[in-house]
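J.: Residues per chain, in single letters:
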Amino acid sequence: MLHSLKAKFVLAFGTLIVVLFLALGAFLLDAKGKELSADIAQGAQSFARLSAGDLMEDYQLYLAPGNFVPFSREVSVLLRQNSDIASLSILTYTGVVLYDSAEEGTERYSGTVRTLTDAADLERVQSQAMSLLLSDGRIIFVKVDDEGIVSYVNFNEENITGPGAEDKIVNIIVPYNNAHAVQYEVSYAALAERLATARLQILVIGIAALVVTLMMSYMLSVSVTNPLKKLKQAALKLAGGDFTTRVSIHSKDELGLLGQTFNNMAADIQLSTQALVYQERVAKELELAAQIQTQLLPKDKYVLNKMDMAGGLIPATEVGGDAFDFIKASETRTLAYLGDVTGHGVAAGIVSSIANALIYAFRGDVDLFEMIKALNDVLRKKTLVNVFMTMALFLWDEETEVISYMNAGHPPILYYDAEKKKVAEIRIPGMALSMVDGVEKIVKKHDIKTKPNDVILTYSDGIPEAKDAKGEQYGMNRLKRIVQDAADDFYSADAIKNAVLSDVKQFMGTSEQLDDITIMVLKRKAV
Amino acid sequence: MRRLLAFILPLCLILISCDGPEAQLLSGDRITIAYAEAVSSYSPINFEAKNRKYLVNIYEPLVRYDKAFNTDTALAVSWGRTDDLTWEFHLREGVLFHDGSIFEANDAVYSLELARSDVESQLGSLLSNVQEVKKIDDYKIEIKTFEPDPLLLNKLTNVYMVPAAYRDFDAPLGTGPYYIEDFEEDTLILKRFENYWGAAAFYEEVGLAYIPGVDDRLNALLEGEVQVLANVPPQHVDVLREAGFEVEAYPSLEVSYLMFNLEGAFKDPDLRAAVWHALGIDYAERFGEGYLLPTDQYAALGIFGYIPEHPVRQQNLEKAIAAQTLVEEVPELTLDIPLGLEPLGEDIAVDLEKINLNVTVNALGASEFQNKILSGQSDFYFFGWKYDLADVADFYEVAVHSKEGLYGAFNGIHLEDVELDLSIEKAAQELDISARRQILIELNDRLLATQSILPLFEAQVIYGISPDLHWAARLDGQILASEILQNMVE
Chain A
218 MLHSLKAKFV LAFGTLIVVL FLALGAFLLD AKGKELSADI AQGAQSFARL
268 SAGDLMEDYQ LYLAPGNFVP FSREVSVLLR QNSDIASLSI LTYTGVVLYD
318 SAEEGTERYS GTVRTLTDAA DLERVQSQAM SLLLSDGRII FVKVDDEGIV
368 SYVNFNEENI TGPGAEDKIV NIIVPYNNAH AVQYEVSYAA LAERLATARL
418 QILVIGIAAL VVTLMMSYML SVSVTNPLKK LKQAALKLAG GDFTTRVSIH
468 SKDELGLLGQ TFNNMAADIQ LSTQALVYQE RVAKELELAA QIQTQLLPKD
518 KYVLNKMDMA GGLIPATEVG GDAFDFIKAS ETRTLAYLGD VTGHGVAAGI
568 VSSIANALIY AFRGDVDLFE MIKALNDVLR KKTLVNVFMT MALFLWDEET
618 EVISYMNAGH PPILYYDAEK KKVAEIRIPG MALSMVDGVE KIVKKHDIKT
668 KPNDVILTYS DGIPEAKDAK GEQYGMNRLK RIVQDAADDF YSADAIKNAV
718 LSDVKQFMGT SEQLDDITIM VLKRKAV
Chain B
255 MRRLLAFILP LCLILISCDG PEAQLLSGDR ITIAYAEAVS SYSPINFEAK
305 NRKYLVNIYE PLVRYDKAFN TDTALAVSWG RTDDLTWEFH LREGVLFHDG
355 SIFEANDAVY SLELARSDVE SQLGSLLSNV QEVKKIDDYK IEIKTFEPDP
405 LLLNKLTNVY MVPAAYRDFD APLGTGPYYI EDFEEDTLIL KRFENYWGAA
455 AFYEEVGLAY IPGVDDRLNA LLEGEVQVLA NVPPQHVDVL REAGFEVEAY
505 PSLEVSYLMF NLEGAFKDPD LRAAVWHALG IDYAERFGEG YLLPTDQYAA
555 LGIFGYIPEH PVRQQNLEKA IAAQTLVEEV PELTLDIPLG LEPLGEDIAV
605 DLEKINLNVT VNALGASEFQ NKILSGQSDF YFFGWKYDLA DVADFYEVAV
655 HSKEGLYGAF NGIHLEDVEL DLSIEKAAQE LDISARRQIL IELNDRLLAT
705 QSILPLFEAQ VIYGISPDLH WAARLDGQIL ASEILQNMVE
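As you go down the protein sequences, you meet chains A and B in turn.
Numbered according to the numbering used here, the first sequence terminates at residue 744, and the numbering increases by one at each position without gaps.
Numbered according to the numbering used here, the second sequence terminates at residue 744, and the numbering increases by one at each position without gaps.
Don't take each hint at face value.
What the hints assert, rightly or not - If you only want the chain B side, here are some residues facing chain A, beta carbon under 8 angstroms, derived:
hint, residue
1, Asp320
2, Lys321
3, Thr327
4, Trp333
5, Arg335
6, Thr336
7, His344
8, Glu347
9, Pro488
10, Gln683
11, Asp686
As the list claims (entries may be wrong) - A partial selection of chain B residues facing chain A, derived with a Cβ cut-off under 7 angstroms:
hint, residue
12, Ala322
13, Val331
14, Ser332
15, Gly334
16, Gln489
17, Ile687
No wet-lab data here; the hints were simulated from the structure.
All values reported here derive from a predicted model rather than from experimental measurement.
Just so you know, even glycine gets a beta-carbon here, dropped at the ideal spot from N, CA and C.
Between the sequences and the hints, there should be enough to build the whole structure, so can you do that?
T.: This is the structure:
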């Protein structure tokens, strides 16, 4: 049973309330007892002080002349005014009892003369001050000065300790007119009765409070555990894959906030799951696109009698925007190109694929200007206006051993002159395809009469702009140097390509590849 | 002697302040109480008021008054009557005289016998009802009276306790909070009695100085040398208030009357009625500047026998004239009045002129005035009474009762009314408070009905108090140095 949070709540609250109530009840009863006792003491003293004169006047008026009945009636009336005074008696200065209400009920006492025998009692009767006999036997005289200040003294008017809250008064003696005194017997019977009443009242109130508290505890615990139960059930459904699960908790407290947070969490999980599914689908499609693009690219090497060609492409994403190809245009002529569509990814890949297909389609027409024009026209019409493509386009003629080079906004190519054993940049004017109409009028053609071991290298800007972990770019100088070294050592086109790509990758280290890296190497075979 | 002085001085105190003590704070450890009259005797059995004002700080009685004029314990801690004629007193234990001797029953018996029977005692008549004083044990004595005496306690407040066999009255030896240390330049130097049985006095040293001049006392007060001044003349009240002193008026227990001689012209009840109704009620306002209270009963405020809701007499000229017309032969009247009160006498004369009564105001010196009124020769005269026994019966016995033994000593108007006399005698012996109060009320009304003694007004005593002092006036008019404290609150 105690495994239930609800039960723990109820038990804890109930126990706490019971303990607090018992402590409070005991404290209140004790305080009430002292208060009532003090009330009785104070009330009895005041009553005695105020009534003694009237009583003695009645005594002189009725009893002294012998009229017992009216005096007895006046005494009864007087005693009814204070239930804490059990009886009273009238004494002379010498201690003779003239009247005692406890002994004289309906007729006057007629026995032997009653006289105080105790010297202390006689002192009290003969004092000028009211005196109290306490339950512990102490006698205290109460002296009130002319400013109303009360002091507690002994018979000789020396200050002594006054009655405390715990002290009970047995009787009070009030002197009257130098010849008499009135003694009042104080009863605390009413105190016990009033305490019992107070105890009963506290008990009833306590039980009522306990019941109410337990009910409130139960309601409170229910208000806590019910939402928790809802949350538990919803969490189980969520764990079972039902991401549409929501809880309905309308309270404005922490549990309401927890419920709202749970709902938010469930909604987030639902969205995340949907996104994951979508991402998986996109990834699969990208993988497929990459496979298609890969198939569009030529094999790494393309070897002719006099010319050795190689190329490589490392896409930044699944689908790259770079492309290269070696296309046989005729028996003696071969087209080669390296293109770079702005950006990378699927859109760039599609454009580069279009370009690849177009070049392949136009391979019969070896007029590079015409080819550039056709490419530009198609791309401008069929692609987005903000998508451009740079391209280094080559036409190799084995008969003439000349490579015609046309640049459409692409970075300058590197030319390794085998005789001079030096790498140089070849820059010719040009503009990226799809930017403007009539690109063929802007671009220039540059023919290179090749010699054995000459190397022509073109690349996408992903190589010089590749960055290492520190953010430093790979740069043209590194590229030239590695090309120089590879060409000097008579590497094959494929070896030169691999040397460059390896150097670039090594340079980048673990830093992220931000752009497609593409390289194409054309090397004149040695004789 | 007490009675001799009582009727002469009261109004003088109020109107011209020829008497009055004041306190002078000289330093933190000493105050000086100055008096208008010099002490003439240190004897505990001297009963002159001027001496009692000095001695009250040195001697103590068995019973004393508290500030509200209720009897309180002093050197007796309890007492009571074992029968109507026998009183028993339990003496306070642990009380020392200033010489270190212990106060016991022998001392009390000796002191009482000294007061009631010594040839030098001025208290003899006061204690004439005391038959016997005897010791029961070391701390208990018994007093027997000839007749039941409801005023015995009041009388005992005037009997100072001295050591047994003490006779050197020039060297006071009491039990009070102060003892006499020295006398220098009209100032009696008192020193605080460190073995005093009660609460120690605040000031270690007290000077009781004799300063006779009214202006000197007032100036001393204004200059800050005096902190409390009793019997401030009403005309000086504003000056004191402006100087920053608290001014309080307190009942003086002094009532003033007009006494009509029943064997002279005022034997005619119509003449008495005419004067009774013709006199105004505003003398108090005119002469007392608000510090005299009109009254129409004989008792003073605060004493036994005072009737709280007694109506005040109203001037009624119609009744006065009607009564006057019944007078067969309108006499020429002489009003005897103490010197200093002439304006009051003239004012009364003016009122009586309105009913065609010619009154000659005859101002007399104290001695001459006393002789004149006691001789029974005055037509009508001014008479003041101070109730220093706190009971109206005192006045009835002395001034109303027919001259007979100790009764009627100041009955100068030939008032002889048997019923009044019987009531006065009955009141003098009635021990039951209620019964006695009733007798005194009836006496008041019966005496008013005779129209032989006309209550004029009751005086208040005015105190000027410095804010430096914490002190409350007493109804008995005494200034106890031991009750003066330094005010700690700014």
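J.: Each of the hints needs a verdict: does it hold here or not?
T.: Going through the hints against the structure:
no. : hint   : in the structure
1   : Asp320 : holds (4 angstroms)
2   : Lys321 : holds (4 angstroms)
3   : Thr327 : holds (6 angstroms)
4   : Trp333 : holds (6 angstroms)
5   : Arg335 : holds (4 angstroms)
6   : Thr336 : holds (5 angstroms)
7   : His344 : holds (7 angstroms)
8   : Glu347 : holds (5 angstroms)
9   : Pro488 : violated (27 angstroms)
10  : Gln683 : violated (14 angstroms)
11  : Asp686 : holds (5 angstroms)
12  : Ala322 : holds (5 angstroms)
13  : Val331 : holds (5 angstroms)
14  : Ser332 : holds (4 angstroms)
15  : Gly334 : holds (3 angstroms)
16  : Gln489 : violated (32 angstroms)
17  : Ile687 : holds (6 angstroms)
In this structure, the earlier hints numbered 9, 10 and 16 are contradicted, and the remaining ones agree with it.
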